[in-house]
Structures are given as C-alpha cells and as structure tokens.
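Chains as they are written, first to last, in the numbering used here: chain H, 1 to 303; chain X, 304 to 1239.
Hints in this document: simulated from the structure, not taken from any laboratory. Warning: the hint list may mix true and false statements.
Unchecked claim - Here are the simulated DMTMM-like pairs of lysine to aspartate or glutamate, each with C-alpha atoms no more than 20 Å apart in a straight line: (1) K1239(X) - D270(H); (2) K586(X) - D270(H); (3) K1225(X) - E248(H); (4) K83(H) - D356(X); (5) K2(H) - D333(X); (6) K83(H) - E419(X); (7) K1229(X) - D270(H); (8) K586(X) - E5(H); (9) K2(H) - E322(X); (10) K2(H) - E471(X); (11) K2(H) - E744(X); (12) K929(X) - D1078(X); (13) K429(X) - E1093(X).
Bear in mind the structure is a predicted one, so any value in this text is a computation, not a measurement.
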Amino acid sequence: MKLWESYHIPSTTSEALALLERYQGQARVVAGGTDLLVEAKAETHAPFVALIDITRIPELMSLEVSANEVIIGAGATHAQIVKHPVLASRATCLVESCGVVGGPQVRNVATLGGNVAHALPAADGTTSLIALDAQAEVIIEGQRRWLPLKELFLGPGKSALNPARDLLVRFRLALCGTRQASAFKRIMRPQGVALPILGCAAWVELDETGQHFASARVSIAPIGPTPARASEVEAQLVGQPTDEATIERVAHWAQAALHPRTSKYRATADYRREMIGVLLRRTLGLAVERARTGQAIPQGVGL
Amino acid sequence: MAELKITVNGQHYQRDVAESRTLAQFLRYDLGLTGTKIGCEEAECGICTVLVDGMPVDSCIYPVWKAAGRSVTTIEGLTQGDELHPIQRQFIRHGAVQCGFCTPGLMMTSCALLEENPNPTEQDVKIALKDTYCRCTGYTSVIQAIQSAGREMQGLPPLPVNDPEVSEPLRVISRSVMPQEAVEKVTGAAKYTDDYVFEGMLYARTLRSPLPHARILAIRTDKAKALPGVRAVLTYEDVPGENLHGLVYRDWPVLCHDVVRYVGDAVAIVAADSEDIAALALKLIEVDYQPLPVVADPIYAHSPEAPILHPNHPTGNLLKHIKVRHGDVERGFAEADVIVENTYRTPTTEHAFLEPECSVGVPKGYPGHDKLTVYVGSQIPYQDRNQIARAMGLPEEEVRVVGTLIGGGFGGKEDIAGQIHVAMLATVTGLPVKMLYSRQESLIFHPKRHATIIKIKTGARRDGKLVAIQAELYGDGGAYASLSDKVMTRATTHATGPYEVPNAQIDCYAMYTNNVPSGAFRGFGVTQSAFAVEQNMDMIAEALGMDALELRRINAQRVGVTTATGQLLRESVGLLETIGDVQQDMYAHHNGSGFRWAWREGHKAYGWGVACAYKNTGLGGGAPDKSEAEIEAFEDGSVEVRTAAADMGQGIAHVVAQCAAEELAVPYEKVRVLLCDTDRTPNGGPTTASRQTFMTGNAARHAAIALREAFTQYAAELYDVSPDSIRYEEGLLRTNGKAVEVGEIVKHMKAHGVQPRTRYEYHAPATQPLGTGGDMHFAFSYATQAALVEVDTETGEVHVLKIVSSTDIGRAINPLMLQGQIEGGIIMAMGNCLSEAFIIEEGKPWSRLLARYKMPSIKHTPHIISRLVEDRASAGPYGAKGVGEIPSINTTPAICNAIYNAVGVRVFSIPVDQDALLRAMKAGQKAVYTAWQDVK
Ligand SMILES: Cc1cc2nc3c(=O)[nH]c(=O)nc-3n(C[C@H](O)[C@H](O)[C@H](O)COP(=O)(O)OP(=O)(O)OC[C@H]3O[C@@H](n4cnc5c(N)ncnc54)[C@H](O)[C@@H]3O)c2cc1C
Ligand code: FES
Ligand code: FES
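If we strip away everything but chain H, and leave its shape as in the complex, we get (with noise of 0.2 Å):
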C-alpha cells in the first residue's frame, strides 16, 4: 500500500520551507527514508498527505572542511562521511559509528540529519556528535540558529524539531587536533532490532607530555531518555594519568555510577552495567593511543 500521496524535491531551504508551511502540518520532511519509511510501513496508519525530501538543497548537502572544523549538512548521507578521509583522521569516532549503520544500501541513502531528527537515545551517529561536542543548526518556526546538539533533544524518539514544520540544516564540530584523538565502539546482538545493545563514543586530549587525560568527553547510549554525555565519567578522568590502571578504575567506577536500564529484547540492566566496563575501556584505550600517536585508523567499518 503507499505510505505517501505527494512527493517534493524543494531545491532551497526556503522552498521547503513554504512546502511544509502550505500543506499545515500534513507534510513531513524525508531525506534517506530509512527509518521514516520503515516505521510506516509498521504503522498501519493513513499515507503522509506529501513528502518533502531535502536531499537536493545544496546547503544540506554540503561537507565542508577548513582547518579545525567541519560542517556537516544534515542530508550527507552515512556513506560519504565513511568515505571522507579528513573525518577518518579527525573525526574518527564518527565514521566508526556511521560505518556501522546498515549495510551498505542504507548508508547510501540514510542521512546523518535523519539520525538525529530521529532522536533515539542510541542512534549511532548521534552518540559520536555528542562526544564531539557538536552544534546544530536548525530552522524551528522558521527562525534559523545554532545551538548545541543536546539541547535538540526532549524525550526517546521527540526532538526540539516538528518534522511537519521544522529544517536541521547543519552540524558543526572541531576536528581533533594534536593530542586529541576519539573512538566509538558499541555491543550488538543478532537478535531483534538493529540498534545497539550499548554505544560508547569518547573523544580526548592529552596534557603536553602525552601522559594526563587534560579533557574527555564520553557518551554512551541509552542510559537516560535521551542521547547526553556521560560527564561524571569525564570529570573522573581529567588531570588522571592515561594509563591502564586509570581506565581499569573509571571504567569500574562508571559501571557502579551510571543506571541503564533493561530493555525488552535488547538487554537486561546487569548486562549493560558489564559492558559499560567493556565499552570504556575498548574506547578509551583506543582514543588514548590515537591521540599519542596521531595516528587514527577507522576500525569496524561496514561490519
């Protein structure tokens, strides 16, 4: 049966804008459709009244790199950002993540915007922008800003964004520099849905002699109602030596500290408890040496 009637390719923002504006809430904005479309046809409701894909408006689509920072349109689709070799190097954690969406047909067309606006606690790539601190820019009620990736988030599957009125436009993040590096990991199982079990994305800096975290930023999802980062954990690890010891006892003191819960066939509380543990130390372990050594190398991709 269709799941939708109409179907636009706006080519601005502002033409998409008045789209959603004309059909008053009956539209809802498209972009690779894979979780969009998917859940429709789950849902036994009416067809959308008219679909506004956001794929061909250019400042969506743009991934532009300068010296220390990326912007991220919020239609590049999970295959390009695997694919772009500054983001593998610089922004590893995330390529790690949307490396692991999918198969290689959804990360052709599924989109990075569409994994926020989705707004699940552990959406993949959503857990490595939050590790990099990322800021977005939307247009809500037609009013265009940038604030911080977190404050977009309100509840599991709610966002700051009306999907029938509402544009994410862009991300923006700093590209790790020397002595910073990041690094994403997460526990699935084979059974059920295809989100994770746990996702651990963390990003560091190193003090000068390579040997004190001087900052950290840890996410891991889903822990609470919606994607945040972990900063008891951080602050556990700031101005602490950067060897194993000091992984071992943060990773321990997290798995007491932090509350997951159990989820129907996903996981049970004292399951994701332990790979709390796991994920830090992988992540961490990993991020660390990146940042010693400079040298980053996506691990997992398309697995």
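For this one, chain H is given, so just place chain X with the ligands on it according to the hints.
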C-alpha cells in the same frame, strides 16, 4: 501524476508516474522490469537492490522521484546482448543460485562492489553484502562466485568450483550439471507468481483478525462494497463449498465464521481495481469481536482450566498424544551408571523464505483458461487443487493449479495461503485476481516451526552404552493442526538420536493454542529433539570422562540395529563413517599441534562441539507414498519430463532431468522439465520429508527406462536386429555399426502412430504406522557435524568460526547443488541456534516485521568443510536418499556443545542469549535456562 525523467538500463524514459511510487514498484509494475524483487519493503533483506548512478540502494523504500534525472541499473541491464555478465556466469558456475529470488539483489550489490574493487577479499564481500540476504545458499558459493567474477573481469582465471568428491559418477548422475532455469534466474527473466500479469487483473487483500481469540458477533461489509473500485467483498457466507481446509485435519476455516483463533486468521477478502483501493476497503469493513480468553502456551492448553479451542476435536486441546514404547525404561535406568535429565526449550521460528506468498486466480472462460485456474508457488500443487475444489464445491477436474517458480519454501508453503481466496474472488468477479502478501502479512499468517519444551532423561553404562531414554515433549501447534501431527511424530520417533537405545519411552503432546499455527519446517520436528538429545549425550560423555565422539561411535546406529520404533536397519547406515570424517577434519584443523576441545587466547574462549543426526526420507509411517512422472521424446532429439513435484530451489528439476538424461543417454542439455501443472503433469506428491529426489527421481528414472525400452523395441523391429544389440550413447542409438539419432526413432514412431511417451507411477517401499513395529521409514540420512566457536568472555558474544560436516546421502545426484543444500541447511540452522525466535506475546505477534526477525547474513558465514558419505540406499534412484533436511538438524546442538566446552556454561534455551551467557559466566553458573525472548 507528473512527468518523470529517468534513465533505466541506458534507456531514457519521460512519462507520467504516480508520486507515491517507490522505485521498485515503478520498475516492476510501470516498466514491467520484474527482475527486481520485493521481499520486505523494510530496507531489511536487500533483495530489491538496484544501482542509482552506480550506487546500490534498496529500491523498496526509495521513492521513484528521488531518482528523477538519474540513471538506474537493474538486473535486466547486466546482460550485454546475449552475453552474460561475469557475475551472472560465475553465480551459475559456483552453484550460487537456488530458488533465485534473492539472486538479482545479490548480483546488483556485488556489481557495485566489483566496480570499486575487482579483487575483494572474503571480508570485503561480507561487508558489501552484509544486508543482502539469501535464505537458500548459505553464502559460501556466493562469496566464491563474486571473487571469481572479479577475476574474470580482469582477465584472470576464475577460482575453482567447490565440487565435492563423489564415488563412481555415471554419465550424467553424480555430475554437477547446471540447474534448470539458472540462466533465467540470473538474468531476471525467471517468473515468480507476482511477475504474472493478466489483462484486467484485480488486486486482492485479506482482512485478518487483530485478536488471538474472539467470537465474531457481526461483520459489516456495506461501506467497503460501496467504495468505488471495489469489485467484491467476501466473507464466510460466500464460500461456495466446505468452509474448511487443512492437510491432515480439516480444521482451518477458509474465512472465519463464528470464532477467530489467532492474530492473522482470515475474516474477509476484497478484490479491487488497485492494491491501494483494496487496502482502503479493508479499513471500511467493520467486525464486532467479543474477546475470549487466550491460550498462550501448550502446557496451559493441556490444563483443565484452558478453554477448548476446537470443540469438535475429540481430545480437546490435545491435538495428538504421540508415543514411542521400546523395551522397559525402568529396567534400563536401573542398569545405568550415569543418568542425566534436563529440560530444553526451543522457540517458534519463521521460514523467512524471501518470496512472500502470492496467488493469482483466473476464472473459467477467461481467454486461454477453460477451467478455474490458480497460479501459485506451492509445495503441494495437487493437494492445493483438492482443497480449492472442496472449498469451491467443484469436482477436482474443474480446477487447475499451475505451479510458478517458488522463491523458497522450506516447509512454509505447504498449507493453503491465498489459493482458495483468489479462486473465490476470480469466480465472483469473472476476472483474474492477484493476492500478494506483504512480508508483514506473511510473517503473522503462515505456519511456523513448533516451539517445544523437551524434558529428556538419558542413561548409560560405564562403558558408554546407552541403556534408556525417557522423554516428554510439548509442541505448540498453534491455532490449527496444519502438519503438527506429522511433525511432532518425527520429533518423537527421532528423540533417541541416531543411536541404538534398547529402552525408550517417549511421549509427545501436540497442543492447540491461540498462537500462529505451526507446521512443516526443514527438519520437521527433529531439529528440536536433536537440540535436547545431543546435549544430553555430551553430558553423559562428560560424566563418564569419555570423548564425545567416542560415545557417539559406541552407540551409533549401524546395520543390524533396531530403532526405538522397532525398525531393523538393513542397509545404508553411514553414520559411523560421518563420525570418522568429522573427527579427521576436526583434528586436521590443528594440523600436527594436537587436537584440543577448548582453549583460550586473551579474553576469547574457543571450543569445539559435535553432534550427530538422522532424518527419514519420505512420508513413512504407513502413509502410501507415491510419485508419478511422464517423459516424452521429440523429433529434434529433445526430451521433456513432466511431473507435479515442486522445486522451491532445492533442485528436483535438475534431478529428474539428470535421471532422464542418464537412462535415455541423451545430453542433459536436451532435457526440459515441466513442473507442477495439474492439467499437464502427473502428481509428484508433496515436496516435504526430503522425499522428492528419492520418489520423483525414481519415477522419472523408471519412466525413462520404459521409454528407452520402447525405443529399443521399435528400433529392433525397424532395423531387424536383436534388442540386445542396441546401445545408447550421447543421443544416439547404435546397433550393428549403425548410428541413429534418437530423434529419428521418434519420427518413425510418430509416423506409425506410436507416441514416444511413457508414464511411471513409483510406489515407495511399504512402511508401518508408529506403534506397530517394522519399517516406519524406507530410508534414513545421517550426519555428523562439529562446530568451532569463539566466545568473547567480556561480552558473551558467540561467533561460529568453522563447521565441519559429513553427510550420508546415499548418492549425490548433483554434487555441487547438493553441497548448496548442505551449506544452506547449516546456515539456516545457525540462525535457529543463534538469532531466530518468532516472539508472540499473549497470542499477539511481536515479530511482525522482518526487522524484528534476524536470520543469518553473509557476515555470519563460517568456514564450512563438508564431506559426503554415499552409503547407497538400494531402492533410491542410483542409491540416493534425502538431503533437504539432514544438514539443518545437528548444527544447533553442535554449537551449544561447543559453547559449553569453551566456557563451561550449558545453554538449555535458544537462541543463545549473550546477555544471559555472560551473566552466568560472571556468576560462575553452569547453565542458562533463558533465551533472548526472555529479556523483558
Ligand atoms: C536495515 C537498517 C539498519 C539500521 N541500522 C542502524 C544502526 O545500526 N544504528 C542506527 O543508529 N540506526 C540504524 N538504522 C536507522 C537509520 O538508518 C538511521 O537512523 C538514519 O540515519 C536515518 O536517516 P534518514 O535520512 O534515512 O532519515 P529519514 O527516515 O528520512 O528521517 C528520519 C526522521 O527525521 C526527520 N528528518 C530527516 N531529515 C531531516 C531534516 N534535515 N530536518 C528535519 N527533519 C528531518 C524525518 O522527518 C523523520 O522524522 C538502520 C535502518 C535500517 C533500515
Ligand atoms: S530491502 Fe527492499 S525488499 Fe527487502
Ligand atoms: S537462492 Fe537465495 S534466497 Fe533462494
């Protein structure tokens, strides 16, 4: 509608296209490029993959307007003129095509990979094809085919074909000839049911019960009937004949009347001018239900307080109590030095054949159709005809069933799906009517593998000899009987394992519940009992301090053994040889460094596990089992074999062609096969119970022998020579220095009014019903497998690295395609062990999306080493017996035994849950009784 500009396979189109179309719909239904298949519409299976500007995408969720101005390549665009693309050629060459339904998707995904990287490693292939599924092949041949194609594209020699070793090949038999219709399957020309289009055809949909158990108080169809474009809305009142169907018990309403018994029960059907109108009409049908208490599990079903679901069934919710009694178990256990007793659980599982069910009904009188005709990809065309005729109130001769290609079945296409519904709608509307199920509908509707609870006690003496087995099995039969009786009988009779067990007492309770019905699924109940039997065996070995293979060797069935059903095994019991093979290959893995059952490397634990299996060939149990085939020769020297024996990808078509070619000494390429048309092909019987090679292979072989004898008689008279002097080779008949083409003889025969056509009805050796002793089955296949697993002790994740297998199939008629059955069976069984469970919550299916039911993908493919044992079955064609099911029986317990050996935790419930496994390891517990579906 608006004007779309798009390029497809190099051709520019500019035409009005509905904005609501997906790319897949546009290609299939607007352009008629039906090579692109639809399997799920969830971006999950990948078989709809096409290239957009060279990039693979899932066309099922890709809006066609997204492709505006772009260039699309489909399977039809791979061929250059008549020349196959290297990918197409290599898929055929490596035997990577079975049912063919996934083939276009696999090839398009591979095409994109090879454009970028013509030298892919196995890992590269796995990454590229991770989300492009195949349910038949098991992927090993697919990986090789892709690598070979890449080499061919660079002018390098392709990889060798993984053709297994066989003994005493004949001229065509035991040769890996190309399967029938392989070229059609790789070019997209092959036609499955949804690829059929008839002028004026209507589209049908089914209204299904949203409740697991309810009384129907009223059904109102007026609003639906009034919707423009709706041609018919039918309910139980409109069933012209008997409103029941069912293969063993006729207990399943065509359309529910007073009660619905599961979520998915059919209540009304609609035919309309388009699918969208039909779907809209369903929403306008009003049904008043009064919910009734739900019987959600088989043990509750057996309790006195459970409501009775089928009041006419004499034993209430107990569909059948099945018993095996052999010797005296009490005395047996008294002799035992060690006894283990455990309870195992297996979940409901889903076939997930990649082609959802589809039927097309064409009314009598429609051009080219002199009777009511149903086109369907069904495993049992003649039984379909019978069931359609009874429901339509027609004599069987007034119904014709035409079998189309089948995109996988595995047992899930034996029961009636839409066949009767389209017959009703076509008759009422006077027009052809197509009913295609969506994946989501297919998931909730069709019968599944039985969930079971198996309590089993095994006793052995110190020397390893088994002395007794006692077991109690509960099988969740679901809302209707389907094949539960037969399936659970097989679970029961095979619950001793392939061993000599002097004393056995096995009771099985097949129960009605309000869950989705259970029926046939590759392995037919034995998959479940083997999970229990073979883990108990390992526990006995451990308790006795004995090698797990040695214990099996001591007890293995061999010639002279009497089974627990009282059958004396007189021949063709190759189990011991399979055990030896597996031991050798398992040891060879450690070449020289000494075999170890388990070891550790860092946080990874490794372990080997083994399991044996056996599986009957044919219906057995006293059921008359027969198959008929017809062979006709033509003036051009070609031959046609006709039989209604369904080929769902397993390959009966090439088996009968090989039998005919062998006996008639004509080249294999000269043999055509016509399958499954109840007006033109005699009854080959059901494709079930691994029976077709044996049964229809024999029918074709005997028909061919009869035809050859007819040639000989005729030629002897014609040339005035002794019949004994006549020899056949390569399409020629030789006598006294003379060589005549077979086609010449045909011409002579026809000129004299003799039809060069023979029919043969093959009857299987007689069998006895359970409980009467004697031969319950006429042949068994045997197998041993070993699994090497890696368990991550930090996360509990389990990976199967290697499967070593040896299978006694009597004779490999087509070694390469048989290898495909084995590899495919193993991978399917890995899904059974590690990922698959169809979850039903209080009668309501949670697994109503393919996204919630994970079958193995190419990335799970382990290294498979497979050997064949050919212990001939004297009555089988050239000594062959069944292979369809045997490979998918012992993989599950082999993996679970390996997990135990690796980490010391025994898994009593599948699919293996890494979460529970890890928690058990951390807590020092030795057993896990819950599975993934228990994580709540
Ligand atoms: C087989 C498969 C496997 C998957 N595996 C994973 C996985 O492992 N991990 C994971 O995290 N996800 C996974 N996904 C989910 C999915 O691919 C991602 O969430 C994807 O990033 C969504 O992007 P999209 O472009 O397809 O979004 P769409 O489906 O087009 O849109 C998603 C939502 O975002 C809104 N939206 C999209 N773009 C904008 C915009 N620019 N402005 C405003 N609103 C917008 C839409 O209206 C909609 O509500 C999987 C999906 C499939 C089908
Ligand atoms: S992914 Fe498109 S049909 Fe399954
Ligand atoms: S051949 Fe792949 S699904 Fe049948």
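What are the numbers of the hints the structure violates, in ascending order? 2 and 10
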